[in-house]
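Chain A is fixed; fit chain B onto it per the hints.
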Amino acid sequence: MVHQNVFVAAGYERNAYQGFMRGFGLERLVMMKYKIDDIRLFHSGDVRLTRQF
Amino acid sequence: MHELVDLFTVHSFEVEGTQDLARGLEKVVIGKVLTKTKHPNADRLHVTTVDVGTQEPLTIVCGAPNVAAGQKVVAVLAGATLPTGVAITKSTIRGQESQGMICAEDDLGIGKNHDGIIVLPDDAPVGEHFAVYTGRNDTVIDIKILPNRGHDCLSHIGIAHEIRALEGGCAMPLDEAMPSATAIYDATVTTENCRRYGAVVLDDITNTTTPQWMRNRLRTCGIKPINAVVDITNYVMLETGQPLHAFDATRVRKIVVRHAQAGETLTLLDDTVCTLTADDLVITDGKKPIALAGVMGGKESGITEDTTTLVLESASFDAPTIRAMQRRYGLLTDAAFRFERDLDPNVVAYAATRAVALLTDICGARVVAATDIYPAPVSPWTVPLALSAVHSLLSTTIATKDITTILTRLGMDVTHGKKQDTLIVTVPTVRRDLTTQEDLIEEIGRLYGYDKITPTPLCEAIITPEINTLRLAEHAAMDICIADGFDEVKSYAYYAAGDADAIGIATKDHVTVLNPLAPDYVLMRRSLLPGLCRAVKKNLSYFSDVHICEIGRIYNSADAVLPEEHLRLGAAIASRATDGSQFYELKGVAEHLAARCGMGTIICDADIEMSAMTVPLLHATRRAVVRTQAGDTFGWIGEITTHTKKFYGIKTYASLSWSFAIDMLTIADTHIPLFTPLPKYPTAARDLSMTLPSRMQVATVTAQIADVGGALLRDVTVFDVYYNRATEERSMACRDDVWRR
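Protein chains in written order, with the numbering used here: chain A, 1 to 53; chain B, 54 to 794.
Just chain A, same shape as in the assembly (with noise of 0.2 Å):
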């Protein structure tokens, strides 16, 4: 739940707008996806990974 003072700081009038947020990291997908086991993986710049896909 958007807190007002979010609202307020982004330039928005207190009250005037509610609204939810969500968010949730890509890498988890990714790695469930592809059954990848470790997360550092991703920032190794290992190729051998890129390349398998």
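Hints are computed from structural coordinates only; laboratory data are not their basis.
Hints should not be assumed to be uniformly reliable.
[Stated by the list, open to error] In silico DMTMM-like cross-links for lysine to aspartate or glutamate, where the CA-CA straight-line distance does not exceed 25 Å:
#, chain 1, residue 1, chain 2, residue 2
1, A, K33, B, E541
2, B, K699, A, D46
3, B, K89, B, E181
4, B, K591, A, D38
5, B, K591, A, D46
6, B, K543, B, E638
7, B, K197, A, D37
8, B, K591, A, E13
9, B, K472, A, D38
10, B, K197, A, E27
11, A, K33, B, D532
12, A, K33, B, E67
13, B, K80, B, D176
14, B, K704, A, D46
15, B, K590, B, D612
16, B, K543, A, D46
17, B, K698, A, D46
18, B, K197, B, D73
19, B, K590, A, D38
20, B, K698, B, D632
21, A, K35, B, E67
22, B, K543, A, E13
23, B, K640, B, D573
24, B, K197, B, D371
25, B, K590, A, D37
26, B, K543, A, E27
27, B, K591, A, E27
28, B, K704, B, D474
29, B, K640, B, E527
30, B, K197, A, D38
31, B, K543, A, D38
Nothing here was measured: the structure is a model prediction, and the numbers come from that model.
Only chain B this time, still in chain A's reference frame:
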């Protein structure tokens, strides 16, 4: 158990796991060794008879050196599968039947010791389950408490409140008065960062061993039992969430809470010596610091097994101050972890009362003096709650009585406001997170159950978002690089001072990270080159040629609050080719990219002065600035220096890199090439071959040809360049295609 875990997951917190402590211990019981004889066929084995409470004693072959008749031991009955996964069966060991096993710590997975079997105290009851005897007939629920609830839920009472709210039940009032005494202990607070300071002096302490039940519970929660006083303070902290500390009263006659003077030193319980700063909050004995407030006690004033009189501290400190101290000294203690989550100062009294009660029961303590400095007491606050807002934010209608029930279960007082639509909610002080109407609505939403809210389609008009041209350019550029044989990498946005030096950009020209993820990685990158070099080095272990590229942001320090961020496409080639083809290859990709993105011909200008602020250190002559024909600088291309290569351990003959500004590619979106009518006559091709003066660039010649050729000239293709090492003469050959009309 499953119901409770589900309730938590749906309404409160994520349950990270549950652990049945008795699992695998179903057939592990306490036994008494009746007899011990040497094994007839093995030197190191013994044959024992063990009474496990059954009619007939068991015969067990045991290899432990410390087994002896009369001992109370831990026996495993045949048919058991231990927590370590080992199955115990009736077996014959060297011709002697064994009906079970006598355990060492590691057999049960409760320790690493395998020097000998566990010997229990003489009063251990024969036949009782080991799990029951050691308090392991219990289940641990590991709950992930997010920072917004750390102030009340990092405690068993906090979790009990939560369970009460989930299951429905009556409120559990907490005693809110400090323990009283006729004498007042001499304590002074000179800073607002100590919000409350409670101290109780207790005498006649016998600092014995803590009762088994408390030791079991502490161990279950991952805390090692030490002695009664320490165990009780830890136990009360786990129970109430309020950290406590005990000083030896013979060494601490009075207490002054103040900010440290810069340069003062303090030796902590773990022997760390801190040199304090003026931002640190300390407990002093009026002269010198005796504890780092809310973080860790001092060694000198700490209690020992011989302590008979102590000062029990139950206090509340400013969260950001504790957080800063914890970070400064790297001491993330259980106390600091809680204080930095902004505790309710009202819990101080309850925790002190509870600890005093336990100290009285267990250690025979007697209260002799007390004090409570609490200049600005926190009282429950009220939050008006508009029912229309509840319905609007949760997009569902919840009956007012249900709303009232939910809030009451959470320990709040609810009355009707003057306006018909409004409730006035009084929030208990432990719920420091509930200050606005939205906070209350969130509580209502989660207890009502978000799963009960029926999803409905959006009923607003949906406006197509503006096309993110930068993102399109990013994807297009990466596709081109991959089509040209490059592999994509992603490196971190930070690097170390060594990286900055390796690419010749001064450390001071970087934005530094105050709170780095890894201690060395304190600089925000100004170039993709270090990340590319690291990836090159890594991949050269597996491939002889490496072609990699990366899209990422660089961060230039600016006078403004935030750094300037630029999106860059970087690429690097490292290969063994000795003919300089890496340069043409990279330039080719750059041209491909420019052509596809509508930037027209690009110019690699080697004569330009390269500013150290905009590019990393490159080879003195084998480098160029890349410009568009309009003269806009677009990036750079060049050979990596031996200095850089040495730092990253790259040993190939040539390693080149380039970096381009992605945002300049966004013009691709607006660039629509127009058709030129095809020529009526065959194309006239003319080959030109010429000798060039030294340092004259081929690009200069082709540009001149293009200029002279005008609209008629369609294309100039260089198809040969010759360099005579002996005479240092260069010659080039190109083909001009002319359309005739």
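Going through the numbered hints above, which ones does this structure break? Give me the numbers in ascending order.
8, 9, 15, 22, 23, 28
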